[in-house]
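S.K.: Here is how the chains run, residue by residue.
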Amino acid sequence: MTTNVVIIGAGQAGVTAALSLRDQGWDQEIHIIGAEGHVPYQRPPLSKGYLAGTEDISDLALCSTAALGNQQITTHFGVAVTQLHREQKVVVLDNGKRLQYRWLIIATGSEPRDLMVPGKELSGLHSVRTVEDADALRECFTNGGHTVFIGGGFLNLEVAAEAARHGSVTVLEVAPQILGRVLSRPAAEALAKHHQQLGVDIRCGTSIRAILGENNKVAAVELEDGERIAAARVVVSVGATARDELAAQAGLVTDAGIIVDEQLRTSDDSIFAIGDCAVFPSVYADSTMRVESVQNATDQARHVASVITKGSLEDYQALPWFWSIQGTQRVQIAGLALPDDDTRVVQHDEATGKLVVERLRDDRLVAVETINAPGPHMKARKTLAASVTHLASQVAS
Amino acid sequence: MSKITFVHPDATEETVEAPANQSVMRTAILNSVSGIVGECGGQAMCATCHVYVEDVEGELPEISEDEEEMLECTADEQLPNSRLGCQLSAETHFNQITVRLPESQV
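Here the protein sequences come in this chain order: A and B. Here the first sequence stands for residues 846 to 1242, where the numbers follow the numbering used here. Here the second sequence stands for residues 319 to 424, where the numbers follow the numbering used here.
Read the hints as simulated data drawn from the structure, not as lab findings. Here a beta-carbon is modelled for each residue, glycine too, at the ideal position from N, C-alpha and C. Any given hint could be a false lead.
[To be verified] Residues from chain A shown here face chain B by an in silico Cβ test under 7 Å; the list is partial:
#1 S865
#2 D868
#3 W1168
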């Protein structure tokens, strides 16, 4: 029987899994499959430094091809998986190759959610997931003109701040405030204010009826009340969906993502799922959830590497943390808050924009949101991680 | 080109070359030097590229307030020669540097 580990997906999760397996002593074959032809790269800069032109493609690389070769990791890049045969433990690639596995790690990530309005097939509609997406935006921003953003989440707002350096910008958000599901009101308001100073026009409580075109190209966005906003281009970011089709076709249990247990194992003992595509039980949410972040991808990758190499029986319970750069504001979140959790502002300095907000559930600290305050963020991570370990040991005893 | 020597916790050493402006963190990642994580991609937001500077030929930048705050929270203890690898750039700050890697970054 083969002892190979096969990893589907060469993003942050897949690459970290491959390197961590070697780092933790796995001396059998490792294969990593990536649909994109590039050397594996980080996605966060696509909406930040790479978009602004302060970082180039070599700054994005997660590793070099030579480094993967040195680690004896076999790469299959620019190749898609067409089938997964679980009985035979075989993955079939679109170049005809068949890879046998003992352990399979699915790290297929997520993709931008489709906007369900008429006109979404027009050219001039953008979203940011790949290097090519960012290149296309970078090029057309230099033409100036008005850019309309649909969705007021972290990703779109990062891009909007860059767009505002080239032309006028409107952000349309259906909810009553931007970042409403992910940040407390004081933190979201501070960022909204910063964006306004950058010249970004944020319009909350706004629904879209259609995207209107001329000669198959975007020309305007029509709102529910009939108002039309002219647009040279439209950037859409209304959330992401897990890429779980392959897993579902192979009969693994999925529900808006691949369902895994505390050890990140799918309904098949030989298969793990990690990163954006995995729905896992979270001690921080008291429920199952899917998380799209670098932290989640890399911590889950390291966890699965230790399950495979060392037979670790520990549950995955790494503390979630997240960062975003909004214009010049550095936003960080440690822990996980739910929209109904209480909010306590512990520090706010208007001059520097420094803001520290604690989130509490039943008087227990569950998250800390900071702006321009990396020190308090790091301290919060230590405090929150220690309190969860404490809680877990209480439950165990 | 500058030279960077990484000293692992087990005392084994790796020396690699870094082109101008490439940070100690990026150089480690691109050469798959284990022991440096660099999760935030060099934004001084994660403190997973902690190194101990043992020897340097050049002039390192002063530790900013942000970097100092991050260093106070690294996984392994902060020492007087602790730095974040993402803040140290080849040629700009050094021609040659030797950094010791901590036992853990996360």
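S.K.: So, for every hint listed, does it hold in this structure?
M.R.: So, going through the hints one by one against the coordinates:
1. Interface restraint check: A:S865 against chain B, minimum CB-CB distance 9 Å, threshold 7 Å, status violated.
2. For A:D868, the interface hint holds, the least distance from its beta-carbon to any beta-carbon of chain B being 5 Å, beneath 7 Å.
3. A least Cβ separation of about 5 Å between A:W1168 and chain B falls short of the 7 Å threshold, and the interface hint therefore holds.
In the structure shown, a violation is registered for the earlier hint numbered 1 alone.
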